[in-house]
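Colleague: One letter stands for each residue in the lines below.
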Amino acid sequence: MEIHRNITDKLLVVGVWVTAIAVTCLFAWILSDILSNGLKNLSWTFLIESPHDAGRSGGIASVLVSTCLILIICLVVALPLGFGTAVLLAEYTSEDKLFGRIIRCNLDVLAGVPSIVFGLFGNAFFCIYLGMGFSILSGGLTLACMVLPILIRSTEAGFRSVSDDYRRAAAGLGMGRARTLVYILLPVAAPGLAVGIVLGIGRAIAETAALLFTSGYVDRMPGSVLDSGRSISIHIYDLSMNVPGGESNAYTTALVLVILLVVINWTSTWVTNRFSGGNLLY
Amino acid sequence: MKKIFILSLIIAMACVSAATIYWHEFASQSADSEKVVVTGSSTIAPLVSRIAKRYEETHPDVRIDVQTGGSSRGLADARTGSCDVGMISREATENEADLTWVTIAKDAVGLIVNTENTITTLADAEIVAIYTGEVTNWSEVGGADRPITVVNKAAGRATLKVFLDYFKIAPEEIRADIIIGDNQHGIKTVIGNPDAICYVSVGTAEYEVKRGTGIKLLDIGNIESSIAGVMSGAYPLSRPLNLVTRGIPSDTVLAFLEYCQSTAVHDLIREEYFVEVQ
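Top to bottom, those sequences are chains A and B. Per my numbering, residue 1 is the first one in the first sequence, and the count goes up by one each step. Per my numbering, residue 1 is the first one in the second sequence, and the count goes up by one each step.
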């Protein structure tokens, strides 16, 4: 009996290790592939030059600018909306009320909708109905619709994870709801918020299908947010699928994308650590 | 806490000033220019993007926005008027006569083998048999007694689509020994393997044949595979790259369409591995 249990325990340990190593190896393989093929072209000029010859030569400056503009619009629209909804769901409705359940159900369905559907919706609504055409603005707004569910749900989870003792203590000290939210709940829930923002940015920056029909394919330096601009993932997609001889620049662009994601991840972790970890405001 | 606040303030101010400078520098450029929107085939989009860039250099008052999304999208957008010019990489069908079609180039596919191979021509049926795995030895189609190495393109390649469409083979019927990516990859594979057969863009293949790199183009049926054959329209294994417009286009659009058909863009067409039309 004793021996039998020993074997089961050991098998479990081995199994857990094997899966963890397998996952790490897979990631390392992808990363080494991108690094080995992309690193040789990566240079400062690659980042500050615009694409030439359909992207085979030149850099990705205009693509980076378009991507940033799309991302800024997406966050400027999605963050206040997402934050407000999350506060409402977590603080002003109880978990089993019908109203909250309806909103949550809607959000969960929205979160599962494939991005191409958001792309077609964005094209029909922002580009054609609202007359924005293929533009960075319609791309950013479409992305905002797409990341809202993720943003709301993880922010809400962040607020819910805060123990009710905090709220009671704040109420006991005579703090109003707004003050409690800003000075007590927000710092404690910061990691949840950061996770939501990082997931949202990650999904937005890696998006291809939703942007192909909204922000478009033009690789010129955008003059305004009403111009069409190619996002970084669309550039990678186009170089690898439609442009013969574009592979090496596709790899380099993919490397830049990975670096961007890592930087965003680290920055948000750093900011979260500064904000939370028990350091309440004041 | 103060540090964070100051840091955020600096970042915010940097963003705002960068944005202001940016708008000041670039936003004025696009103020009073005429915009032409081109949408459609992802095969044609890189070519038209490059043509558009060159055209904008000499016509600073015109901006050409090239979008992609596939031939069907080009057709639909041209009809609804969401774009000025649609890009369609196939022949016009009967019920599409409401649009004006202009062929700017051709995308032709030729079969290549190693120069050591004694075969010079293959009939359509023989090519189908080789690619579906019914024929696996060169002796069965009149060559030496050696096994055939079938080289196929990866899914999504434009040449794959032209090849499958012409020979009416379903993608899952193909029995390939090697799957490759682009034309250069195919040519290198055939140079290194005397038993290989592969299909690549005729433009690229003829260039390599002239350089004497060790490949040759096979005739299909009795039709010679060459750029000249593609130009004259005698060579069957090709598809036209069309620009379509609906109704009477504006002068700007007409001027751009004329430019796309002019000899000034032939070098771009060749560089994208297509063949210009006469």
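Accuracy of the hints is not assured; some may be wrong.
Claimed, not checked - With a straight-line cut-off of 30 Å between C-alpha atoms, the simulated DSSO-like cross-links for lysine-lysine are:
1. A:Lys40 <-> B:Lys53
2. B:Lys188 <-> B:Lys168
3. A:Lys40 <-> B:Lys168
To be clear, the hints were calculated from the coordinates, so they are not data collected in a lab.
Colleague: Enumerate the violated hints, using their earlier numbering and listing them in ascending order.
Modeller: 3
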